[in-house]
Each structure stands twice: as C-alpha cells, then as structure tokens.
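J.: What follows is each chain in one-letter form.
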Amino acid sequence: MSDPLLKVTDLVVRYGRHTAVDRVSFEIHAGETLALIGPSGCGKSSTALATLALRRPAGGSVRFEGHELTGLRERELRPLRPRFQPVFQDPYGSLSPRLRIRDAIAEPLRAQRRPPATGQVETLMETVGLDTSLGDRLPHELSGGQCQRVGIARALAGEPRLLVLDEPVSALDPSVRAGVLNLLTALQEDRGLAYLFICHDLALVRHFAHRVAVMRQGRIVDTRPARELSLTALDSGPA
Amino acid sequence: MPEPLLAVRDLHVTLRGGGHAVPAVRGLSFEVHQREVVALVGESGAGKSLTARAVLGMPPHGARVTGSVRLRGRELMGESYAGVWGRRMAFVPQDALTVLSPVHTVGDQITAAVRSVAKTSRQEARSRAVAALDRVGIADAARRARAYPHEFSGGMRQRAVIAMAMVNEPELVIADEPTTALDPAIEAQVLEALAAAREATGAALVLITHDLRIVARHADRVVVMYAGRAVESGPVEPVFRAPRAPYTAGLIASLPPAEVDAVDRWLPSIDGAPPSPTHLPRGCAFAPRCPLARQNCEDEEPALAPAGEPGQLAACHRSTELPVPATGLFSRKATA
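So the protein lines, in turn, are chains C and D.
The first sequence begins at 1 in this note's numbering and counts up one residue at a time.
The second sequence begins at 1001 in this note's numbering and counts up one residue at a time.
For the record, the hints were derived by calculation from the structure and aren't laboratory data.
These figures come from a predicted structure and were not determined experimentally.
All C-beta atoms in this analysis are idealised placements derived from N, C-alpha and C, irrespective of residue type, glycine included.
Certain hints may be false.
Said to hold, decoys possible - Restraint-style ranges between C-beta atoms, simulated for each label pair:
1. T1066(D) <-> D90(C): 28 to 38 Å
2. A58(C) <-> G1202(D): 46 to 56 Å
3. R1115(D) <-> G16(C): 42 to 52 Å
4. G93(C) <-> R1146(D): 34 to 44 Å
5. P1235(D) <-> G59(C): 49 to 59 Å
What the hints assert, rightly or not - Covered stretches of chain D, as calculated for chain C (at least 3 residues, CB under 8 Å):
6. 1183 to 1189
7. 1201 to 1215
8. 1244 to 1256
Given only the sequences and the hints, what does the whole structure look like? Please build it.
T.: Now the structure itself:
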C-alpha cells in the first residue's frame, strides 16, 4: 500500500489542564474516508482542529503529504493550507454574510494571491451542482443545502487532497442531505479526495465512510471497517 | 371510532414578515386518539413547531391563527387555556433550558408544577416530583432533585423536563424535537424515558421530529408536512412500506439503508430545496421537485384524500401511480 496521505501519531491536545485528545493515532489514504465517532466532548472536533493545524497540539505528530505540520509557523503552513480544507456544520455561519457567492468562492484563492482564472469560479460552482446564476447572490438568499455546496466549492478552490468534514450534513434538511452526500462521494471518486468525517449519525457513517474510529474520553478505543459498525455501538454512552 | 382526544381542523397560522403575510401553516387537520403517539414530521419551515404552538395556545407574537382545536370535543381556539396547560396538555421543548429556571432546584420546580394545578401539601407534592424524576430514569431521584439545572447533563435536563410535563398526568403531551440537541446514545435514553412516562400515565403524545427513524420506532401514526400542509398521513407501517405521496417516498428512500449495500454508495436524493413560504408555487408545493409532476400538479393544489391502506391519506394528484418501492424515482446523481 502507498504511503498514507495523512498520518497522525500520538496526538495530544490540551485546553489548560484538560486533555481533550490523548495520544490519538490514525492514518488516511487518498480516496479514503475515515469517520470519527463518539459522544459529545470525546475529542473528535479537537482532533479535527489539530489535523487542520488550527489548534497547536501539546504533543505528537501530524504528517500530511510528507510534511510535518506540528512545528510549522503560520507563514510556512500557508502554502500547504489549500491542500487540506475544512467543511463545517453550519452552512450559513461558514460564509461571510456580506460576500457575494462568487467572491466567497474566490476568496481562498485571493488569500493565496492566486486570483481565480476566468471561468474558474463558474467551473467550481458547476462542480458542486450550483447554478452559476447564483454567483451574484448573498448567503441569506440561498438554502442551507446550497450554502453547504458553496462551502464545498470554497474548499475545492485550492485543489485539496484532504477535506475535514465536521458534521457536514447534520444542519441540513433531510430532503437535501442525500444530495450533498452524493456530491461528496462523487468528488471523492473523481479526484481521489481523502475525508476525515465527523458525524453523529451512525447509519450515515456506515453508508458513507470506509473505516470508523470510535473515540471516547480523548482516545480512539476502536477502529474497524465501516460496514462492521453496529448501529448500537455507542449505546453505552459517555461515562 | 370514539371521539378523538385532540382534533385539529383546518388550522392556519399566518406570520407577519417584512410587511408580508407569511402563510406558515395552511389548512392542517389531524387527530390524536387516547394513548396514541402521532408524529409530525417535516423539515425546517414545514410548520411543525408553529402547529405545536398553535395547538398549545401559545402562538408567536403577531401570528394569526384560525381553525379549530378541540380537546375531548371542547373547542380551545380563542378560549382560555386555564386548566388545560399542565393538567390536561403539557409541552416538552427542544431546549430544556427554555423551561427550567436556573435559580431554582429541579425538584422545587417540579414541586411547584404539582402545586400549581392541585392543592397538595408541600411534602406530598415533593414526593410526587421525586417519583416523576424516578420514572424517567434519574437515579437517586430524591438527592438529584436538590440539584440545579446546570448540574444536570443535557440528557438529564431533558428527562427532568419530561418529568415536569408528566407529573400532573396530562392526557396529551406535545414534544417538539425533544432530542435534536442530544447525542444518539442519549437520544435513545430520553426517548425511552418519554415512552416509560407515557406508559405510566396513559398520556397521548404528539412527537415533532424531522427524523424518520424516530418515527418508525416510536409512533403509531404519522403526519408528513411539507410547506405548511399535510402531504401524507396514516398508520406508520403502511406509510413507510408504501408511501402514497412522492415527498414521503423521497424522504424514506434517502435514508441510508439498514443493510449496507456493498456496491452502491449513492443515496436516492430529492433534487432542489423546499419552497419559501413567501413564494409558494401555485399548485402542489412539491411539484417543482417531484419526479412525477405533470401540468395539473403545477396548476392545482391537491387535497388530502384516502390513498393506499385504510387510514392512509395523501395529498397528491398521482398517488395511485407511485411505484412501491419508489426508490428508483429519485436521482442518484452526484449533483442537483
């Protein structure tokens, strides 16, 4: 098997004296989805933030495409950031209310001082199934599902290899959820994207992920193929 | 059929927004019988919560409510709810902290709820409060009753609210997304607590949710709402097995299957998004997203009418043409 795209080893994240993530190790290969599941407060989101180099870990290693991210300064991280991008739960909250959709999608490119080529924003919109006529709208004029597609288009702008999906569909209406998940599946199959997928919905995890890591009190207590996940795996609840 | 416990007829709730009248609930009718669990399902904006608030006599400020809400035949619309709230009808909200006071202990608040409807001694009320907490599975209830809401976990708080709603043994409880904010494991515990309290008191339940799996597990009948109206209703089993409204069929089809298909990673999905209540289509509100829509669907809004099994109703011009299962009707495309 080829080298993993992301290799996290003995990751530790602390908030003051509280250890949120306690020696967590996992790896994700290109084209693969690893789901992180577990009760609220078990350290899933802290793991995601440290993986995205948005939270400095207290220990351990995060290797992405061969780069060790943990010791890097923000200046050194900046050229790598487009390669690993987050998609968050709240589709409206992730977008500036005053930026038109077109500009929201172009923003990450501009931040990289790589202004989008002619037609690039439109291509991204089409890729995520958004009508290009929506480009001049503001986020509040879009539905939740459309906003989440904008979030995905933004993440795709820098041609990422890894998306960290933190509850990407749990705020969406049931009738639009499947469409957004199908989009993520198609992007993975077309581009070999790797996903770190945080989700509460075990049936969804089993359908969408390849492997599942179960977290409890800051540790990964079990990793298994998603299809072997029992839908009652978490019934014992948090301690 | 005996007289229903709750009969809602032609309920309309109209909100004011930006100078416009926003028709949020548009002619909803449903019944709840004694000891029955009726689920109201639909997505945000479908009008579920407004329906609950209108039935409870607590519509939002400025809302216009018309229609009929009868409890055991007695009209409540426009009447005083004194003697109804707490004693005959109780409410469990999504967020427990909207009904629990932070400055009183949980036990004091439930005790006060008992004494607000019945002349009982403080000790008697207290012991009923503790019994109610015990019934929803709060261990060591007498001691826990002395705690404040912030000392409870989210799931315990929600169980405490259920205890408070149930303590006066109401005939009907309306629970609005009672577990949406909770983890799946805690959700299961809270729903079990709700079922246990309901069994013990014989209360009927209107359960508002957007989660069809909760409906399948906990409800006897279901009312599926879309854009302020019921598009389908009936006993849970036939509605899930052979839905007669395309929207219901699409929702069921888009659930990840219980048995994982080893090959197919695509979920059938409903293209598009729900309509805005200020820009409703002229005909069927679901027609713009419906794979079966024809011209008359766009011209004329269908009425709820018997379809499928006994007791099943659907508001769809093409309900007889809906295949079973309807999975193949919906796209498995990547994008919409």
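J.: At the C-beta level, are A58(C) and G1202(D) separated by a distance inside 46 to 56 Å?
T.: Because 55 Å falls inside the window, the suggested range holds.
J.: Between the stretch 1244 to 1256 of chain D and chain C, see if three or more residues pass the 8 Å beta-carbon test, and mark the coverage as holds or violated.
T.: Result for this restraint: holds, n = 6.
J.: For T1066(D) and D90(C), compare the CB-CB distance with the range 28 to 38 Å and indicate the outcome.
T.: holds, 35 Å
J.: Mind taking a look at whether chain C covers the stretch 1183 to 1189 of chain D? Criterion is 3 or more residues with CB to CB distance under 8 Å.
T.: holds (count 6)
J.: Do P1235(D) and G59(C) keep their Cβ atoms within the hinted range of 49 to 59 Å?
T.: holds, 57 Å
J.: Could you see if the CB distance from R1115(D) to G16(C) stays within 42 to 52 Å?
T.: Holds - the Cβ-Cβ distance for R1115(D) and G16(C), about 44 Å, lies within 42 to 52 Å.
J.: Given a hint of 34 to 44 Å, does the C-beta separation of G93(C) and R1146(D) actually sit inside it?
T.: Given a distance of about 38 Å, which is inside 34 to 44 Å, the answer is holds.
J.: Are at least 3 residues of the stretch 1201 to 1215 of chain D within less than 8 Å of chain C when you compare beta carbons?
T.: Coverage by chain C holds here, the residue count being 4 at a Cβ distance below 8 Å.
Of the numbered hints given earlier, the model fails none.
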